[in-house]
Structures are given as structure tokens and as C-alpha cells.
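Student: Chains A and B, in that order, are what the protein sequence lines are. With my numbering applied, the first sequence covers 235 to 344. With my numbering applied, the second sequence covers 43 to 201.
Some clues are possibly wrong.
Derived pair list, reagent style SDA-like, types lysine to any residue, alpha-carbon separation capped at 25 Å [stated by the list, open to error]:
| no. | chain 1 | residue 1 | chain 2 | residue 2 |
| --- | --- | --- | --- | --- |
| 1 | B | K184 | A | K246 |
| 2 | B | K184 | A | S288 |
| 3 | A | K246 | B | P151 |
| 4 | B | K183 | A | S288 |
| 5 | A | K246 | B | K183 |
| 6 | B | K184 | A | G286 |
| 7 | B | K184 | A | L290 |
Everything labelled a hint here was simulated from the structure, so no lab data went into it.
Residue-level listing of the chains:
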Amino acid sequence: AEGPLARTIRTKLTAALQPSHLQVLDDSPRHGGPPGAESHFSVVVVSGRFAGLSPLQRHRLVHAALSAELAGPLHALAIVARTPQQWESDPRAPPRPPCMGGSKHERDAA
Amino acid sequence: MNGVLRAAWRVGAASARGRAGRALSQAASESGGAEGGGGGSGSREAVERLVRAHPVVVFMKGSPEQPLCGFSNAVVQILRLHGVEDYRAHDVLQDPDLRQGIKNYSNWPTIPQVYLNGEFVGGCDILLQMHQNGDLVEELKKLGIRSALLDAEKDQDKK
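Extracted from the complex, chain B is given alone in its bound form (with noise of 0.2 Å):
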């Protein structure tokens, strides 16, 4: 299983590497800042609002397509062998209020975070275990979605 990711996360990287990335300073850093403001992008309620808004929802840097941190490329690998592809994904580099406002929403430090449900669930290490133990097939099944390696699972069988 972990060849697998290694693989996958090769394909994740090579994918950004062939994009012209501007370079930027590093100077953004994660520290506790401001909160989010009462209506801003950042608030209690507008988070509220985005982690209900589908049952796979998921905070990261860079987007599905373009991952740009290796632990939110992870997330999106690992949804991406379950099948998972119709997720909503909130790039928090594009919007700092949302950013601060995440992490004051889930009492969580580090992005990407993953919410399954309006619940949440952990971040790429927490994914990561649950898709290697079997948890994931079974909270994605509680959603309602099938984890396409079943499937996977029942053509080996046939052979």
C-alpha cells in the first residue's frame, strides 16, 4: 500500500513541478493573527457554512488539480484512490481570513484539514492512517459513497 502512495505522490509533485510557479517570498507564516472577523470569509459562520456544504470537504493549499504543499497533495491522492473525486476544496492560500479562521474553527493548527460529514475528521497524517486501516472505506460508505477499491478489491477476487 505505501508503494502505491509513493507512486501517487510522485504523480502529484511531477504535476506541479511542470507549472511556471512564481517564486514568492516565504514571508506568510502560520501564526495565530487576527480572528476571523463576524461575517468575513474567516468567521465561525461562514466556516460553518462551507464544511455543511458537502459531505467531502477539504482546506488545502494549491487546489485538487494543483496541489502546492506535499501534505495537502497527499489528501487529494488519497481521496483520488478511493474514487473520491466530487469533493469541495478550499485552496486557503487564496484567502488568509479563511486560512486563520479554519484553524480557530477546528482548534487545529496546520493545514490541509479534511471534513467528512461537517465533522472533523484530521489532517494528512489522520487520512492517512485511516485509509491504511480500512476506516476510511467505512465512514465514506456511512456517506453514502463507495470506495472505488472495493471494486478494486472484488476484481482481484475474480481472477
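Okay, chain A solo, but in the shape it has when bound (with noise of 0.2 Å):
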């Protein structure tokens, strides 16, 4: 089951960038959090709307579409964003980087 946030991100996605197709998923137990813990997420958004944007532009429009998430629960965001005809030529996403524990290390707010 998918759990509000991840709702919430596909909602605003959909509405922002009209995907052909939207893919949205809780990486957030591969990075030590627990079940349902919606931190870490990864999504691949296939849009028309990238066309003629450098990968920079484009994740910025992600950004931009999550910018309250962002400020907020949401800790990581890990982004593929391609045009129709790239997915098309191209249907995987890169491998993930495997989780390091990073949030473990973190000092203690002062």
C-alpha cells in the first residue's frame, strides 16, 4: 500500500509534469528507517515536458513540484527524468546506490 506521502508526490507530479508515466517509490526501509518511515524516495518521471532541458533544469522542475515535501519530511529524493522518446529507447533506471547509514550519523541537533 502506498502511504500519503508517496500519494502526495504522485499527486503533485502528475499535476506539475503531466507524466506518460510516473513511477514512485519508498526507498526509505533500504536506508535503516522503518516500515512506512516515507523518507527516502525515488522516483522516474517520464514527461514531455523535459524535452529541450539539461538534466539540471529538468530535476529542478522535480524540485520545484515537491518543494514543500522537500522542506519537510522528505529527506532524499533520488530522480530519473527522461522525455517519452528517451524512456522509450531506455525503459530501466540506473542502479541505486546501496544505503550507508547516513542519517545514523548524524550529531544530535545542539
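Put the complex together from the two separate chains, hints included.
Tutor: This is the structure in C-alpha cells:
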């Protein structure tokens, strides 16, 4: 079942980018969080709106759609952003880096 | 190429696990907090100095010797594949002001962040893409850095 943040991400990206293909994955369990933590996500967004945009510009569009979440509970966001033609010629996302327990190494807030 | 990356990530992850790590609270969040104060380590001026200090500057969690985050480690391993070992790396976990300041500076919400010639290039995903499509070799060349992968290709041609 998709958690509330996953649903929000899906709704906002759909509204902002009208994707032909959209995958929203909660990676939080792979980053040491408990089930349902909803802190680390990866998204695959396929949209004609990315045409002519550099990777940086594409990622900024995705960030803009999720700015409230990124300022809040969304701790990390991995992005694959392709045009429909690009996705058709390569419908795969690159391998995700393994977790290295980063958030466990953070200092307590002073 | 993905096989090489997976192998590199295993190397980084193994070295991290080998350390005795302190289990600290996961309280610290990435949410927007106070802006870096004037003159503080997170101020625009301070960040500007850091990104201009070297052709390759990385803001990450942990260090190149001991990355503390899979995405930060991926950046380190990609640079290593290209033979780039001389660069400035800043551990944002050591400096909360810098951690917020670098996000304000680039208007980019996450760590790691890669700067080439003082210009923000992107995070781990973008660097990976640049590595896979050959753009990183070209960008390094513009900085006067010859990617090790060019020599690797030359060696293969000689066989």
C-alpha cells in the first residue's frame, strides 16, 4: 500500500508534469528507517515537458513540484527524468546506491 | 558500466561498515531552518569562497575516505573511476550552518552537491548520468583534468 507521502508525491508530480510514466518508490526501508518511514524516495518521471531541458533543469522542475515536502519530511529524492522518446529507447533506471546509514551518523541537534 | 559502479559502491560500503560507528539519533532533518548568518560558515560569501577554491568541489556526508551516505559515496566512487582524487570535499554533517547554506546557495534541497569550476552541476543522479553519457570526461577536460577512463580506453585499443 502506498503511504500518504507517496500519494502526495504522485499527485503533485502528475499535476506539475503530466507524465506519461511515473514511478514513485519509497526507498526508506533500504536506508535504515522503519517500515512506512517515508523519508527517502526515488522517482522515475517520463514527461514531454522535459524536452530541451538539461538534467539540472529537469531535476529543478521535479524539486519545484515537491518543494514543501523537501522542506519537510522528504529527506532524500533520487530522480530519473526522461522524455518519452528517451524512455522508449531505454526503459530502465540506473542502480540505486546502497545505504550507508548516513542519518545514523548525524550529530544530535545542539 | 553499471557492473563497475555496483562493484565500486560495494567497496565504499564495505569500508564504511568496517568502522565502529556511533549510533546517533536520527533527529536532524533536512528541513529549511534559519538562513546561514552573515559571515557564518553558511553565508553566501563563505559558500562562494568554498566553491571557487578548487576546480572540483563536493559537499557531502562524511569524507572521501569514509563516506557516510550511499549517494555521497556514489559521487566519490565516480570521481575515483575518472582518476580524480585531488578535489575539495566538505562534510556537511560537521557543520549545520554549511549544510543549510549550501542548499540556499544552489537552491538545491539535497546533499551531495558537485561544483565544477565554481558552478553547480548537480547531485549524485546527474553526476552518474554525466559519467554514463561521456559528459563528465568532457567537463573534466575543460578543467584541464584528463579522465583516467581515457587512458583505460587507450590501453584496451592496444590489445
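Student: Return the numbers of the hints above that this structure violates; sort them in rising order.
Tutor: 1, 5
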